[in-house]
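A.B. asks: As a plain string of letters, each chain reads:
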Amino acid sequence: MDYIVEMNNIRKEFPGIVACDDIDFQVKKGEIHALLGENGAGKSTLMNILFGLYQPDSGSIVLRGKKTNIANPNIANDLGIGMVHQHFKLVHNFTVTENIILGLEPTRALMVDTRSASSRIRELSKRYNLNVNPDAKIEDVSVGMQQRVEIIKMLYRDAEILIFDEPTAVLTPQEVQELTKIMHSLIDEGKTIILITHKLREIMSIADRCTVIRWGKVIGTVSVSETSEEKLAEMMVGRKVIFDLDKKEARPKEEILSLEKLTVNGKDGGHGLKSFSLGVKCGEIVGLAGVDGNGQSELIEAVIGLRKPDGGKILLHGEDISNLSIRERIEKGVAHIPEDRHKHGLVLDYTVQENFILKNYYQPPFSARGLLNWDTIYEHAERVIKDFDVRSGQGVEASARSLSGGNQQKAIVGREIDGNPDLLVAVQPTRGLDVGAIEYIHQRLLEQRDQGKAVLLISLELDEILDLSDRIAVIYNGELVGIVDADETDENEIGLMMAGGKRGAAV
Amino acid sequence: MKTKVRVKKDFYMSFFAILLGLLAGAVLMAVTGNNPFEGFFYLFRGGLMNIERIGNTLATATPLIFAGLSVAFAFKTGLFNIGGAGQMLIGGLCATAIGLTFDLPKPILLTMIVFGSLIGGALWASLPGLLKARFNVHEVVSTIMMNWIAYWVIYYIVPQYFKGPFLETESQRIPEAASLKVPWLTELFNGSYINLGIFLAIIFVVISSLILERTTLGYELKAVGYNRDAAEAAGINVNRNIVLSMAIAGALAGLGGATFYVGFASNMQIGVLPSQGFDGIAVALLGANSPWGVFAAAVFFGLLHTGKGFMNAMTAIPPEVADTIIATIIYFAATSVLIERNWDKIKKINFAALLNRGKKDSLKAGSGGEQ
Ligand SMILES: Nc1ncnc2c1ncn2[C@@H]1O[C@H](COP(=O)(O)OP(=O)(O)OP(=O)(O)O)[C@@H](O)[C@H]1O
Ligand SMILES: [Mg+2]
Chain A
1 MDYIVEMNNI
11 RKEFPGIVAC
21 DDIDFQVKKG
31 EIHALLGENG
41 AGKSTLMNIL
51 FGLYQPDSGS
61 IVLRGKKTNI
71 ANPNIANDLG
81 IGMVHQHFKL
91 VHNFTVTENI
101 ILGLEPTRAL
111 MVDTRSASSR
121 IRELSKRYNL
131 NVNPDAKIED
141 VSVGMQQRVE
151 IIKMLYRDAE
161 ILIFDEPTAV
171 LTPQEVQELT
181 KIMHSLIDEG
191 KTIILITHKL
201 REIMSIADRC
211 TVIRWGKVIG
221 TVSVSETSEE
231 KLAEMMVGRK
241 VIFDLDKKEA
251 RPKEEILSLE
261 KLTVNGKDGG
271 HGLKSFSLGV
281 KCGEIVGLAG
291 VDGNGQSELI
301 EAVIGLRKPD
311 GGKILLHGED
321 ISNLSIRERI
331 EKGVAHIPED
341 RHKHGLVLDY
351 TVQENFILKN
361 YYQPPFSARG
371 LLNWDTIYEH
381 AERVIKDFDV
391 RSGQGVEASA
401 RSLSGGNQQK
411 AIVGREIDGN
421 PDLLVAVQPT
431 RGLDVGAIEY
441 IHQRLLEQRD
451 QGKAVLLISL
461 ELDEILDLSD
471 RIAVIYNGEL
481 VGIVDADETD
491 ENEIGLMMAG
501 GKRGAAV
Chain B
1 MKTKVRVKKD
11 FYMSFFAILL
21 GLLAGAVLMA
31 VTGNNPFEGF
41 FYLFRGGLMN
51 IERIGNTLAT
61 ATPLIFAGLS
71 VAFAFKTGLF
81 NIGGAGQMLI
91 GGLCATAIGL
101 TFDLPKPILL
111 TMIVFGSLIG
121 GALWASLPGL
131 LKARFNVHEV
141 VSTIMMNWIA
151 YWVIYYIVPQ
161 YFKGPFLETE
171 SQRIPEAASL
181 KVPWLTELFN
191 GSYINLGIFL
201 AIIFVVISSL
211 ILERTTLGYE
221 LKAVGYNRDA
231 AEAAGINVNR
241 NIVLSMAIAG
251 ALAGLGGATF
261 YVGFASNMQI
271 GVLPSQGFDG
281 IAVALLGANS
291 PWGVFAAAVF
301 FGLLHTGKGF
311 MNAMTAIPPE
321 VADTIIATII
331 YFAATSVLIE
341 RNWDKIKKIN
351 FAALLNRGKK
361 DSLKAGSGGE
371 Q
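As you go down the protein sequences, you meet chains A and B in turn.
Going by the numbering used here, the first residue of the first sequence is number 1, and it counts up by one from there.
Going by the numbering used here, the first residue of the second sequence is number 1, and it counts up by one from there.
In case anyone wonders, no lab produced these hints; they're calculated from the structure.
Nothing here was measured: the structure is a model prediction, and the numbers come from that model.
Where a beta carbon is used, it is the ideal one built from N, C-alpha and C, also for glycine.
None of the hints are false.
With a straight-line cut-off of 20 Å between C-alpha atoms, the simulated EDC-like cross-links for lysine to aspartate or glutamate are:
| no. | chain 1 | residue 1 | chain 2 | residue 2 |
| --- | --- | --- | --- | --- |
| 1 | A | K343 | B | E232 |
| 2 | A | K217 | A | D24 |
| 3 | A | K332 | B | E232 |
| 4 | A | K253 | A | E447 |
| 5 | A | K89 | B | D229 |
| 6 | A | K267 | B | E232 |
| 7 | A | K261 | A | E479 |
| 8 | B | K9 | A | E13 |
| 9 | A | K343 | B | D229 |
| 10 | A | K313 | A | E254 |
| 11 | B | K9 | A | D349 |
| 12 | A | K308 | B | E232 |
| 13 | A | K308 | B | D229 |
| 14 | A | K267 | B | D229 |
| 15 | B | K9 | A | E397 |
Derived, one-sided and incomplete: chain A residues facing chain B with beta-carbon distance under 7 Å:
| no. | residue |
| --- | --- |
| 16 | R327 |
| 17 | K343 |
| 18 | V347 |
| 19 | L358 |
| 20 | K359 |
| 21 | Y362 |
| 22 | L372 |
One chain only, chain A, in its complex shape (with noise of 0.2 Å):
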């Protein structure tokens, strides 16, 4: 059998964890092979040790069969293999163009020849319909777009075995789609891919082959023509997952947050948020659904106070809270699990229990008098990371830093569901998180509406959304363009109101 990648017996060791444990794992030139796992699995250390980032402690690989050595993702380059990060790796005021051409910059007469290389940016973005501007500044483009822009980095490094860490986590469906007729055009062309992914559906449909691991081990390799989701669930989490959620009729109170002709400008020409007006209701899940990029981020911003409105109020219990600060909407019982994990979610450089306590390390029992509780919060800590299957190699004192991507994720979640907000703005809660760990934490997001708690949720995943959500807000340029109840619309309903039609209009 011709592999064109074999990792032998591969072992990674981190302090107080066996990331890979002698992992074996093969692919097959031209195919597109799923790698699957729960959070903190393994998965990403072993493609980074296959693009060079990380040593192994021990095992070998081959490639194209013969040994080698991959010392520095530099090599890995050079032997073409290309990989997108779990958290992309872009310098955020660099253009488009400079960021591809980065540690490789084409020179003339010195000067870096940006020219040729944006061309040629321009040529591979027209060839994958992958529609990159090589002049953009990252800062100003959608997650989406930079995702694309990691994508040409390794076509333009021509890159022949192309990894995928989660690149699906962040994008839209319909996004999702074009990346997956990405995938098919480059197989296509001979290239090989590995790709990582917790949305089995989607190793359903485009993959070929999938290795499951578990605890840094290999559960086995599938064929995805002789597998169902359901088993392959059972394979990685070593039990059966229910699919179906435990949802009760939903028992809605008073209303907790009103937002009344909200507006909000948008970010340099945006959509912003337009005479927006919704309620949320103790003991109910609202949904707001939408295409990326629609005033949702204004949205959350204003409730949360990260961003003033421009118009409008909003009321929590009645009480016009728009020009509180941040802290004291907290403490008025309003928690938010942010879009964007590494920059409004964790501090990285702290340890699992300091970030546990970011936002309340000022009140008991945490502290007194301005000292720090050290042993109070190791107890807290270790609580809340077994209750959220927080995985890593040294507990609460592991800096977030080293946590898996879906473990930071989890720490996150945890520490703001387990403060039992009156209020909970969820981005993306289950952003890049296993099939097990959903399930618990839409059960978790449910019991907080049982309790009388309300929950704004924010998704791209419209499965997400249906299968939650008690009421479903539809926004569209910044407007509001309807409320559904969610017994009685369906993804079709949905979609077309995301694109702004009004109900009914099109049915």
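Starting from the known structure of chain A, arrange chain B with the ligands on it as the hints suggest.
C.D. replies: Relative to the frame of chain A, chain B with the ligands by itself:
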């Protein structure tokens, strides 16, 4: 427990930097035709050979400890305080002014001097803090400018109000009662420059480390330093912390100024920015921004500074070699980030194999030459 792992690694890094610095110094001594072993012997002997020299080493280290703490503290909040020199001048001015103005018993006067220089430095440094918080003026630019403002303030005030009896360019000597030097300590160290400043420095090392590790204030400051956006989203008042961090940094440097001008020295000269203010950056770097690391680094630098004269007197090695060693150490401490990034690889390097390969390469090169 994580902190322990971290500290250990930082320790190795700094140790590595020092080793490389000393190595560079040795090469330099050898190149200039001197015996490095002899050089180092006299360099360290000069800083340690008797109780007086040890006292001088500690006295030289004292302002460095404060300057280093100042930089390190600001750095924890993500701020780069290059204004240590100016803050020291202002602290020194406050101390000198109090010392020359009030005629009070020593304990009271010294207490006033300590608080005066602390407050002076804090206010001086909070200005760049405010500029950063309000108008996003980069603190590197504004603290450097504040250095020159302090320089000219001293230039004006000292001759105007505290002129010395002989020279226009320096202030009067402060009275005995206003000096941090105390007879028992001077006697204990056989007439060295050592003064109460060293105890003050130790107290503030302890306080700084307590603030950073145990208090909610330190937690906030560090959170802002590590990730401003996340701190803000968590409800922490970022601007307040920036001002506060600069004020604390300034207070530390101001105290350093007091220990220098009314401890180590006994009057102020105009037209000089104290070099300790800048050396503080190096001290903080080598001390990995931890208070006790700063302490150790400052004492080490103090040792080199004290010993270099002796080395020069006993050998033909110019004292600049000691400065070169310091500079090289700073260089390697600064680039230790690179070392750290490749730490795993360094640990894994198979030196034996490398040596063999080196031999092979040279063989090849040799045979190439023959052809
Ligand atoms: N640099 C590091 N230092 C310490 N531990 C690490 C480091 N990188 C990863 N780990 C640990 O190794 C384990 C595997 O992490 P990895 O990132 O490979 O998981 P993953 O399978 O990609 O998970 P996810 O689906 O959440 O992204 C985790 O327990 C993580 O905490
Ligand atoms: Mg991962």
